[in-house]
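What follows is each chain in one-letter form.
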Amino acid sequence: MNQMSMIAADTPIAIAGLSKIYPGQRGGTAVTALQHVDLTIRRGEFVSLLGPSGCGKSTLLSIVAGFQKASEGSVLQDGVPITGPGPSRTVVFQDYALFGWMTIQKNVEFGLKAKGMPARERAEIARALIAKVQLSGFEDKYPHEVSGGMKQRAAIARALAPDPEILLMDEPFGALDAQTRVLLQEEIARLSSDAGKTVIFVTHGIEEAVFLADRVVVMSPRPGRVREEVLVPLPRPRTAEMRADPWFVRTVKDLWDTLKPDWQKEQGQ
Amino acid sequence: MRTWRGLVGLTAFFAFWQGLTMVGIIDPFMMPSPISVIEALWEMALDGSLWINLGASLQRVLVGYAAACVVGVSLGLLCGWWRVVADFVRPVVDALRPIPPLAWIPITILWFGIGDMASYFLVFLGAVFPTFIATYTAVRGLDRNQMNAALCLGAGPRLLFADVLIPASLPIILPGLRIALGIGWACVVTAELIAAQSGLGYLIQQSRMLFQIQNVVAGMVAIGLVGLLMSLLLERLERRVNAWAPSERA
Ligand SMILES: Nc1ncnc2c1ncn2[C@@H]1O[C@H](COP(=O)(O)OP(=O)(O)OP(=O)(O)O)[C@@H](O)[C@H]1O
Ligand SMILES: [Mg+2]
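Chains as they are written, first to last, in this note's numbering: chain A, 1 to 269; chain B, 1001 to 1250.
Same shape as in the complex, but just chain A (with noise of 0.2 Å):
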């Protein structure tokens, strides 16, 4: 083996000198979201995405997702560049995005379905995916029957069932009351830890960004750039006593005294 492809076993995902530029429409000014992002992501490695609202947090995660093309730059998954979304890399979003036609077992079953499996099998992987998010005896709800936060435990089994090496989340506690959050935090890094995923988590939470994370990635105000990262040396699983670790309180409110501006200035827009 090269050492070329030994780095590449080693980095998911490798972004270098990303830029994305929204052009402006019907001759508006054109937006540069994001200048120059450099980020490796290591296999298995937890990283939360931090930053003020509009850094660009949505767009680096959708380019990653391959939804997005990048303006200039490289994005690389295993040293191939990503052009275009696929079940390797799923992606948990904020309002859920679950098919609101199909009963819970059925979108989690839809990225087993896609993969040609027969019908018997996906339906077992499924059960014991909604096992794991604790929605068992929801399966054949459909999704406005359940609460908001089992909406998004369906969506997590949804977009852990075809085995993506890379578990992208854009603010997926966003729409959740303060207890469901904290709840499923600790969900989250139970799974995480457990299946071993590689995962990138944009939140605008400090305190949950913290607490999941490997690294934590504090984004500069537009045009987003990475401005500081931040190791998180808590070992995992993350348990609920460790919000109360006094490294973890010095290191939230760090980043807190870090971000404030930003924030203040957001406000005063």
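Since the hints were made in silico from the structure, they are not lab data.
This one's a predicted model, so the numbers in the text were calculated from it and none came from an experiment.
Ideal Cβ positions, reconstructed from N, Cα and C, are used throughout, including at glycine.
Relax, there's no trap hidden among the hints.
Heads up, incomplete: computed chain B residues facing chain A, CB under 8 Å, no partners named:
| id | residue |
| --- | --- |
| 1 | 1143 |
| 2 | 1148 |
| 3 | 1159 |
| 4 | 1168 |
Got chain A sorted already, so can you dock chain B with the ligands onto it with the hints?
Below, chain B with the ligands without anything else, positioned relative to chain A:
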């Protein structure tokens, strides 16, 4: 409960009408009473003319409407999915749409003569635009995130179409199809007034020439009731198919 209210509404309408003719506010020659209309309907049902003409109208509306659905839905899907196609097609559709089917009658007779083909064509013209607009609107309005979710889960074109695009669009397409059927039904009668030798529209026209005013109104009542029935049936189907959609959960 809802059906019951609907029946009360209809009964009240006919009672009010009957009252007006009985008091003498309306000249029975200008507007026969509901009871005499029902008598006329009964007679036409007995001598079979009602069924023959109703059958002719239904057959025409079904053919024209089916063609409109096929063309309208396909074109709507194409335009909704590919912006470029819409750029070419939309102006044509929007220019043809304001021309009422009635205005098409002369040219329709020129092209197809008097007969079934003319009626099919007019029904088609009346129904195709609402079908197209509904489908186009539905596809345009699809949730980008849902599409992206399907794509990142590995959906190919077939799965995307059958399991995502179509079911996600039905809550908007089906009401459009229902409205289109109503319009098609109105168009078939219009066509038959002028360009046919049978059908409920033809029956009305014939009765007018024979001064059988109660038969004219009986024909109108039959048209209204059949239209109501069609609409109710399709609405039922819609409820079942779109049970999951917010619009069906009031
Ligand atoms: N499709 C688009 N067309 C034009 N501009 C866009 C588009 N998507 C995003 N932008 C702009 O790019 C910038 C970055 O947007 P993005 O949604 O990536 O930010 P974000 O960090 O996810 O913000 P938030 O925290 O509010 O979700 C914003 O200024 C936004 O207005
Ligand atoms: Mg965002």
